[in-house]
Every structure is written in structure tokens, then in C-alpha cells.
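With chain A's structure known, arrange chain B on it following the hints.
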Amino acid sequence: MFLNLLPLLLLMLALISVVLFLIPNETLIRYMGKGSGIEGWAIAALLGSVALIPGFIAYPLCGILIKSGVAYTTIAVFITTLTMVGIVTLPLEAKFFGWKTSIIRNTLSFIAALLIGFIMMLFL
Amino acid sequence: MKKIKEYIFPIVFLIFIGFSFLLNFAVGKQVGMNFWMFFKEMILFLPLMFILIGLFDVWVPREKIERHIGNESGWKGTGLVILLASLQAGPLYGAFPFAYILWKKGCSIKNIFIYLGAFATIKIPMITFEIGFLGLKFSLLRTLITLPVFIFIGYIMEWYLKDKKFEMKQP
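Chains as they are written, first to last, in our numbering: chain A, 21 to 144; chain B, 4 to 174.
Chain A on its own, in the form it takes in the complex (with noise of 0.2 Å):
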């Protein structure tokens, strides 16, 4: 199974890596820092669900985010669809669960970080 995987998440890997050239962390602050509210979500749950970040860095840089002033609400949505939303990782996942059942899950999951981030926004 992992052979078969192999050229797949090679691939992924390589466009993940220039993806993330292509939003270094000064671009995420200055986008996720100024549009609080609405804005700063929408923002935060593209550039999460097209990142796919390890968290042992994306916690580091959150917590840089959160001291350049994003609001905690904005990284909630944000590490959400980074773990939950995979869109460089959906061809992957359509090998395991087909196209459509995929598609459905993330976008669901898209979904469910925008509400969680309204929930949050309700205690914080």
C-alpha cells in the first residue's frame, strides 16, 4: 500500500512545499491580522485549508500570530481547517474514499471551522 502511495504523496509533498513558499508568514500575518472579523475568517479558512502545516510548526506560528494581533477566534478557524481540510491532500483521500464522499467531508469539515469559530467567538 505504501509503494502505491509513494509517487502520490511525493507529488503532494512537492506542491505543498511550493505552495508554502508562496505564503510565507509575513503574507499570513498581514492578510489574517487586518480583516478581523468576517474577513480575517474567510482568509484564515482558505489559507488553511490549502496549507497543510505539521503542527509542531503551525503552533509555533500561531502563537506568532497571535502576538502581531490576529485574534484568537481568527486561529481557531485557521488550525481547524489546517488539520480538518486537506485540498493539495484530496487526491489522496479520494484513492481511499472516493471522490465524492471526500469532497463531502471536506467541505463539511470547512464548515464546522467557520462554526466553531462562531461558537468561540461566544466565550471569548
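Hints are computed from structural coordinates only; laboratory data are not their basis. Be aware that one or more of the hints could be misleading.
[As the list claims (entries may be wrong)] In silico lysine-lysine, BS3-like type, Cα no more than 30 Å apart, as pairs:
(1) B:Lys108 / A:Lys120
(2) B:Lys140 / A:Lys87
(3) B:Lys79 / B:Lys172
(4) B:Lys107 / A:Lys120
(5) B:Lys172 / B:Lys8
(6) B:Lys168 / B:Lys67
(7) B:Lys79 / B:Lys140
(8) B:Lys6 / A:Lys120
(9) B:Lys67 / B:Lys165
(10) A:Lys120 / B:Lys172
(11) A:Lys120 / B:Lys168
(12) B:Lys67 / B:Lys172
(13) B:Lys32 / A:Lys87
(14) A:Lys120 / B:Lys8
(15) B:Lys43 / A:Lys87
(16) B:Lys167 / A:Lys120
(17) B:Lys165 / B:Lys79
(18) B:Lys165 / A:Lys120
Chain B alone, transformed into the frame defined by chain A:
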């Protein structure tokens, strides 16, 4: 031959990275460093995941999975998959093969998607990290809010898929 064809893009990519380092091409070097970071993560977690899957496949009988996290398992089954997921580590794509083995052994649809949700958002090794960088209050609140949300997603997926002959494939 088909095998080699599949590797063309990764090979072209690696040649590009190699030349970037030779010619000191900054863009290529940065992309290469990113790639190395992801590659390290993959090579660290994925073989472990596949060993776990292999052992699971051999040691855990289908009857046990069906009884504990299958269709009739109820809340206890959901609790079990969440616990299972939260003790694991690595990126979400590492969980797909494990989800496959769970499905093969008779895990319910609902619990498969709850497993994926839990794996993505509440892994215990990662939560310690989250607390360190974002604080206890934020981490606790996010976890407590996220938990019911993806359990709900599990129910939606099951409701949607149950009459559709859902099946997972082994790539």
C-alpha cells in the same frame, strides 16, 4: 513501466531542487527546504502508521472491532475511536490508511469519520504543544467545542452514506 512513469514528476522536481542548490537559486532552495521538512514528517510518521496497521490487521479480530466500534456500539464505541485517534500522531493523510483498516474490520461509518475528525484536531501530543503556544484556556475551549462538532459530522456522513453502499478502497 507504469511504475516509472508515476515517478516522473517527483524526479523532475528533485532535479530542479538539486540544480537550485548547485546554482544557488534562492526560490528553488526555499522550496527544497520546505520539501525536506514535509518529507521528514512523512518519513517519521508514515512507516510507523503502516506498522501499526499491519499489526492491527493481524492481531485484532474483526469480531472485536465490530462489537466495540461497529454499528451497534453506541457511545462507548465513539469514545473508543476518539481515544484511539487522540493517542496517535502525525498528519491527517497518515490516518486514511488506518481508517481503511478500521472500515475493513467492521467499524461503523459514523465512527470512521469521527476517528478522522479526532485524529485531525485533538491528538494529545499536539495539544500539549497547543497549550504551550496558545494557552490552556484557548486549547481547552477549542477542544471542547470541536469535539461535538465533528461527532455531528460523523452522524451526517453516516446519514448520507448509509444507503449508498459506502466502501473504502485499498490503493
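Hint check results:
1. B:Lys108 / A:Lys120: holds, 23 Å
2. B:Lys140 / A:Lys87: At roughly 16 Å apart (the allowed maximum being 30 Å), Lys87 of chain A and Lys140 of chain B satisfy the hint.
3. B:Lys79 / B:Lys172: Given that 30 Å is the threshold and the Cα spacing comes to 27 Å, the pair holds.
4. B:Lys107 / A:Lys120: Given pair Lys107 of chain B, Lys120 of chain A holds - Cα atoms ~20 Å apart, limit 30 Å.
5. B:Lys172 / B:Lys8: Given that 30 Å is the threshold and the Cα spacing comes to 22 Å, the pair holds.
6. B:Lys168 / B:Lys67: holds, 23 Å
7. B:Lys79 / B:Lys140: Holds: Lys79 of chain B and Lys140 of chain B sit about 27 Å apart, inside 30 Å.
8. B:Lys6 / A:Lys120: Given that 30 Å is the threshold and the Cα spacing comes to 26 Å, the pair holds.
9. B:Lys67 / B:Lys165: Distance of about 22 Å is within 30 Å: holds.
10. A:Lys120 / B:Lys172: Cα-Cα ~13 Å, so holds.
11. A:Lys120 / B:Lys168: This hinted pair holds, its Cα atoms lying about 13 Å apart.
12. B:Lys67 / B:Lys172: At roughly 22 Å apart (the allowed maximum being 30 Å), Lys172 of chain B and Lys67 of chain B satisfy the hint.
13. B:Lys32 / A:Lys87: It holds: about 29 Å lies between the C-alpha atoms, which stays within 30 Å.
14. A:Lys120 / B:Lys8: holds, 27 Å
15. B:Lys43 / A:Lys87: With Cα atoms ~28 Å apart, Lys43 of chain B and Lys87 of chain A stay inside 30 Å; holds.
16. B:Lys167 / A:Lys120: Given that 30 Å is the threshold and the Cα spacing comes to 12 Å, the pair holds.
17. B:Lys165 / B:Lys79: holds, 20 Å
18. B:Lys165 / A:Lys120: holds, 14 Å
Checked against the numbered hints given earlier, the structure satisfies every one of them.
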